[in-house]
Amino acid sequence: MPKKRFTEDSWRKERWFQALCYAIASCETTEDVADFLRDIGTLSELQAWSERFEVAKQLSQGRTYREIAADTGASTTTVTRVARFIENGEGGYRKVLNVVSKGEETLSPTELLVQRKIDHQHRTRAPGEERQVSMLKKYLKK
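Start counting the sequence shown at 1; every next residue gets the next number (this note's numbering).
To be clear, the hints were calculated from the coordinates, so they are not data collected in a lab.
As the structure is a computational prediction, the values presented were derived from the model and not from experiment.
We treat Cβ as the ideally placed atom computed from N, Cα and C, and that holds for glycine.
Heads up, a few of these hints could be off.
Claimed, not checked - Calculated cross-link-like contacts (lysine-lysine; reagent style BS3-like; alpha-carbon spacing at most 27 Å):
1) K4 / K57
2) K3 / K13
3) K57 / K95
4) K102 / K13
Unchecked claim - Ranges between beta-carbon positions, derived for each pair:
5) N88 / R5: 15 to 25 Å
6) M1 / R66: 42 to 52 Å
7) R66 / A23: 12 to 22 Å
8) A83 / M1: 36 to 46 Å
9) K102 / E28: 14 to 24 Å
10) R5 / K102: 28 to 38 Å
11) W11 / T77: 20 to 30 Å
12) K13 / G73: 27 to 37 Å
Please take these sequences and the hints and turn them into a complete structure.
Written as structure tokens, this is what we have:
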């Protein structure tokens, strides 16, 4: 059976991708996120993702493409691509950059992650409703 490829029309609906998103969102600390990303990504992939995020942060600070390329070692092509996704992508960079820029000065990364989880739980759970533990978490705690 040939390997299934994501397309622009289908990637968000793919169950494997949805499971990956859920797995990342289920991490409770930045250490958990780091461990998970290291297990699923190569060092080159981690470096590329980190580089792109740093490029996005510097773009949001108004730095020029050439300054960013010189500072990060990213190619101007990468800087341009990140800028294009900030402007025309799904909005992920913008959402994360807004959260990070608001919390960066006052909260540690772990505190920021905990605060985001608390905020999310308050938005998605009715008052007095208990949070259910997933089957995977029950299994992993044994």
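Here is how each hint holds up against the structure:
A hinted pair counts as satisfied when its Cα atoms are at most 27 Å apart, and K4 with K57 does not qualify at roughly 33 Å. At roughly 17 Å between alpha-carbon atoms, K3 and K13 fall within 27 Å of each other, so this suggested pair holds. A C-alpha spacing of about 12 Å is found between K57 and K95, which places the hinted pair at or below 27 Å, so the restraint holds. Of the pairs offered as hints, the one joining K102 and K13 is violated, with about 31 Å between alpha carbons and a cut-off of 27 Å exceeded.
Against the hinted window of 15 to 25 Å, the Cβ-Cβ separation of N88 and R5 comes to about 22 Å, which satisfies the hint. In this structure the supplied range 42 to 52 Å holds for M1 paired with R66, their Cβ-Cβ distance being about 46 Å. Against the hinted window of 12 to 22 Å, the Cβ-Cβ separation of R66 and A23 comes to about 37 Å, which falls outside the hint. Range check, A83 to M1: about 38 Å between beta-carbon atoms, so the 36 to 46 Å window is met.
Between K102 and E28 the C-beta distance comes to about 21 Å, which sits within the given range of 14 to 24 Å. Between R5 and K102, the C-beta spacing of about 37 Å keeps the proposed range 28 to 38 Å intact. Our hint of 20 to 30 Å for W11 and T77 holds, since their Cβ atoms are close to 22 Å apart. At roughly 36 Å, the beta carbons of K13 and G73 sit within the given window of 27 to 37 Å.
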